[in-house]
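Undergrad: Here are the chains, one letter per residue:
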Amino acid sequence: MVSIAQPQSAEPQSACSVRLVTSGARRKVFEKLMHGLLMFCAVVSVITTVGIVLVLLSQALPFFGEVSLVEFFMGTEWTPLFKPQHFGILPLICGTMMVAAGSAAIAIPFGLGTAIYLSEYAKPVVRDVVKPALEILAGIPSVVFGYVAVVFISPLIKDWFPSAAYFNAANACLVVGIMILPMIVSLSEEVLRSVPRSLREAAYALGATKLDVTCGVVVPAALSGIVASFLLAISRAIGETMAVTLAAGATAHLTLNFFDSIQTMTAYIVEVSSGDIPTGSVEHSTIFAVGLTLFVMTLLINILAQWILSRMREEYE
Amino acid sequence: MVKLKKLSEPTPETLGPLVMSEMTSERPTTSLAAPVVGTDRSSLSADEMRNLRQKVSAQGVDFFYGSNQALHNVSLDMPENLVTALIGPSGCGKSTFLRCLNRMNDMIDDTIVRGDILLDGVDIYKSRTDVVELRKRVGMVFQKSNPFPKSIYDNIAYGPRVAGVKQRGVLDEIVEKCLEQAALWDEVKDRLNDSALQLSGGQQQRLCIARALATFPDVLLMDEPASALDPKSTARIEDLIFELKNSYTIVIVTHNMQQAARVSDQTAFFYEGSLIEVGATTELFTRPTQQQTEEYITGRFG
Chain A
1 MVSIAQPQSA EPQSACSVRL VTSGARRKVF EKLMHGLLMF CAVVSVITTV
51 GIVLVLLSQA LPFFGEVSLV EFFMGTEWTP LFKPQHFGIL PLICGTMMVA
101 AGSAAIAIPF GLGTAIYLSE YAKPVVRDVV KPALEILAGI PSVVFGYVAV
151 VFISPLIKDW FPSAAYFNAA NACLVVGIMI LPMIVSLSEE VLRSVPRSLR
201 EAAYALGATK LDVTCGVVVP AALSGIVASF LLAISRAIGE TMAVTLAAGA
251 TAHLTLNFFD SIQTMTAYIV EVSSGDIPTG SVEHSTIFAV GLTLFVMTLL
301 INILAQWILS RMREEYE
Chain B
1 MVKLKKLSEP TPETLGPLVM SEMTSERPTT SLAAPVVGTD RSSLSADEMR
51 NLRQKVSAQG VDFFYGSNQA LHNVSLDMPE NLVTALIGPS GCGKSTFLRC
101 LNRMNDMIDD TIVRGDILLD GVDIYKSRTD VVELRKRVGM VFQKSNPFPK
151 SIYDNIAYGP RVAGVKQRGV LDEIVEKCLE QAALWDEVKD RLNDSALQLS
201 GGQQQRLCIA RALATFPDVL LMDEPASALD PKSTARIEDL IFELKNSYTI
251 VIVTHNMQQA ARVSDQTAFF YEGSLIEVGA TTELFTRPTQ QQTEEYITGR
301 FG
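Residue numbers (full-length UniProt numbering), protein chains in the order written: chain A, 1 to 317; chain B, 1 to 302.
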């Protein structure tokens, strides 16, 4: 017993206690090993994140040595790849925000409506059909959505609005809206369903109708989680690359016309990194400046979403 | 006061053109403003209770969860302005029976009710019954306090609001009256806009009682309202039941036999889905006629 309590100092007194000491020590080494191994796994992702941020910063800094922050953030023209060069990121931010806003305008009402229907109204049979369908939708690669936008939606928009450019923002908004829809549905439905049954019963017992219960109790109780799902979906829309590269065009326009061709930040990065711009040139380093801006934008939105979600946990119980 | 009085005695207009209006025509003048002071009911015998007006009357009620029968031919009269306690071991069907009285079991899929349950002589399971109106008249307090994650004020005002009351003045009055009735007003009157979840467990349960009173029910169903509370809070809830029974018909499910003995006028003993015995509380606890009842109340099982 003594040897268990103080394995290092205890003098072995019998064969039995010797075995206790050795197996205890071996176990300790094993525990330490596992501890280190698991910590390594955790550290890898942290290091990767830190590394990416460092690379972004170190590559973007030379760029900001040549282009002032004022020009970068206030300039209204983005033409780094041809003369005369202009490095105003506003057209790219504007294009990104148009796609984010437009797709959110499509996905939020449909997504929330679907989530409420699934969690409050739908029979289990219906839910069993709709939810897998949404998961399939979520699993479609974004390049497929881009292809659908180019060959199917674009001609349709051209038919209805002949003045529209073939590659346009509306086109991208539609496909990105459909892409982020499953995310809003599954996250919102989860928070709606986690509203305790006792709250619903309390409301029904007061003579509330289904609509009263849904709009007056369940949705407000789940509101922070729902808003967080919107924000996560929007941040996904901002970061979406393939579909918008294909659908929205490659002309950085400072415009609010959804039928104009635009370029998003992600699409610009694709254009430069897949082209033949020499690395080390100012033109090439633009992608790091753009990437850094994009990173900060999505980071802020994700932090906001996390903060809202963590507040929700205190709300009932 | 005048406004409140008008509200507390629902007219057919406020309740809508429903089957319920038949019931309301007979409704006595109990109201928040003027509670009827009853006689000393602890002395009522079973025979005397039989001659009282029966507010709720269950006749041959069977209840099924799917193919599993939870209630077997239960017939029980609940006299007006008295407290009926439902006792029995866990799983004996007493909560199920209680939840039949305001059709809360409708919310559970695959359940069947047979038999009649009459509220003021009208069958509440008739197809033309408006369940929403029924639940306004038959309030419910749950085992676990379940305030909405809203302000104290909004919790109480929820029932009146879904019933269409919008004037702030009327709502203010209802909130104050109900909180006073639930003996909570003095504790919360300065923080009505605080979240209800900041209240203690006992306060939350009294808030739930106040919330149930805000729709001006005639019947109050309580499903083990004090089971999760400490003795002090339990005593307050029991005092409250004592106060409320002057104005409401109360049906309470309880695991605590002392509680049943303290607060109720009539006690019904359930066992394995059947009503074994019902009688005046004083009689049932002192001279039970069934052996199972005696064994249960003396603590030999359950």
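Among these hints, one or two may not hold up.
Facing chain A, according to a computed beta carbon distance under 10 angstroms, are these residues of chain B, among others [to be verified]: (1) Tyr65; (2) Gly66; (3) Asn102; (4) Ile112; (5) Gly115; (6) Gln143; (7) Tyr153; (8) Val162; (9) Ala212; (10) Leu221; (11) Phe242; (12) Gln258; (13) Gln291; (14) Glu295.
Straight-line Cα separation of at most 30 angstroms, DSS-like style, residue types lysine-lysine; simulated pairs [stated by the list, open to error]: (15) B:Lys126 - A:Lys123; (16) A:Lys210 - A:Lys131; (17) A:Lys210 - B:Lys166; (18) A:Lys210 - B:Lys232; (19) A:Lys123 - B:Lys150; (20) B:Lys232 - B:Lys189; (21) B:Lys150 - B:Lys166; (22) B:Lys189 - B:Lys150.
Just a sample of chain B residues kept apart from chain A, beta carbon distances all over 12 angstroms, derived [to be verified]: (23) Asp130; (24) Gly139; (25) Asp154; (26) Thr215.
It should be emphasised that the hints constitute simulated quantities derived from the structure, not laboratory data.
Built from N, CA and C at the ideal position, the CB exists for glycine as well.
Undergrad: With reference to the structure, classify each hint as holding or not holding.
TA: Do the hints match the structure? See the list:
Hint on tyrosine 65 of chain B is violated. Least Cβ distance to chain A is approximately 16 angstroms, over the 10 angstroms limit. The beta carbon of glycine 66 of chain B comes no nearer than 14 angstroms to any beta carbon in chain A, farther than 10 angstroms, and the hint placing it at the interface is violated. The closest approach between the C-beta of asparagine 102 of chain B and any C-beta of chain A is roughly 6 angstroms, which is under the 10 angstroms cut-off, so the hint is satisfied. The interface hint given for isoleucine 112 of chain B is broken, as the beta carbon of that residue sits about 18 angstroms from the closest beta carbon of chain A, more than 10 angstroms.
Because the beta carbon of glycine 115 of chain B sits about 22 angstroms from the nearest beta carbon in chain A, more than 10 angstroms, this interface hint is broken. The interface hint given for glutamine 143 of chain B is met, as the beta carbon of that residue sits about 9 angstroms from the closest beta carbon of chain A, less than 10 angstroms. Because the beta carbon of tyrosine 153 of chain B sits about 14 angstroms from the nearest beta carbon in chain A, more than 10 angstroms, this interface hint is broken. Interface hint at valine 162 of chain B: satisfied, since its Cβ lies 4 angstroms from the closest Cβ of chain A, which is below the 10 angstroms cut-off.
Look at alanine 212 of chain B: its Cβ gets to within about 7 angstroms of chain A, closer than 10 angstroms, so that hint holds up. Nearest Cβ of chain A to the Cβ of leucine 221 of chain B: about 8 angstroms, under the 10 angstroms cut. The hint holds. Contact between phenylalanine 242 of chain B and chain A, as hinted, is not supported at the beta carbon level, the nearest pair being about 22 angstroms apart and thus beyond 10 angstroms. A cut of 10 angstroms between beta carbons decides the hint on glutamine 258 of chain B: the least distance to chain A is about 26 angstroms, and the hint is violated.
Contact between glutamine 291 of chain B and chain A, as hinted, is not supported at the beta carbon level, the nearest pair being about 36 angstroms apart and thus beyond 10 angstroms. Interface hint status for glutamate 295 of chain B: violated, as the beta-carbon distance to the closest one in chain A is roughly 33 angstroms, over 10 angstroms. At roughly 24 angstroms between alpha-carbon atoms, lysine 126 of chain B and lysine 123 of chain A fall within 30 angstroms of each other, so this suggested pair holds. Among the hinted pairs, lysine 210 of chain A with lysine 131 of chain A is consistent with the structure: their alpha-carbon atoms are about 22 angstroms apart, no more than 30 angstroms.
Proposed proximity of lysine 210 of chain A and lysine 166 of chain B is supported: the alpha carbons are some 20 angstroms apart, at most 30 angstroms. For the suggested pair lysine 210 of chain A and lysine 232 of chain B, the alpha carbons sit about 37 angstroms apart, so the restraint of at most 30 angstroms is broken. The straight-line distance between the Cα atoms of lysine 123 of chain A and lysine 150 of chain B is roughly 29 angstroms, inside the 30 angstroms bound, and the hint therefore holds. For the given pair, lysine 232 of chain B sits about 21 angstroms from lysine 189 of chain B by alpha-carbon distance, which is consistent with the 30 angstroms threshold.
Distance restraint check for lysine 150 of chain B and lysine 166 of chain B: the Cα-Cα separation of roughly 17 angstroms lies within the 30 angstroms cut-off, and the hinted pair is therefore satisfied. The hinted pair formed by lysine 189 of chain B and lysine 150 of chain B meets the criterion: a straight-line CA distance of about 16 angstroms does not exceed 30 angstroms. Under the 12 angstroms C-beta cut-off, the non-interface status given to aspartate 130 of chain B relative to chain A is violated; the minimum distance is some 9 angstroms. Residue-level check failed: glycine 139 of chain B sits 7 angstroms from the nearest beta carbon of chain A, not beyond 12 angstroms.
For aspartate 154 of chain B, the non-interface assignment is contradicted: its Cβ lies about 9 angstroms from the closest Cβ of chain A, within the 12 angstroms cut-off. A beta-carbon of chain A is positioned within 12 angstroms of the beta-carbon of threonine 215 of chain B; the least distance is around 6 angstroms.
This entry does not satisfy hints 1, 2, 4, 5, 7, 11, 12, 13, 14, 18, 23, 24, 25 and 26, going by the numbered hints stated previously.
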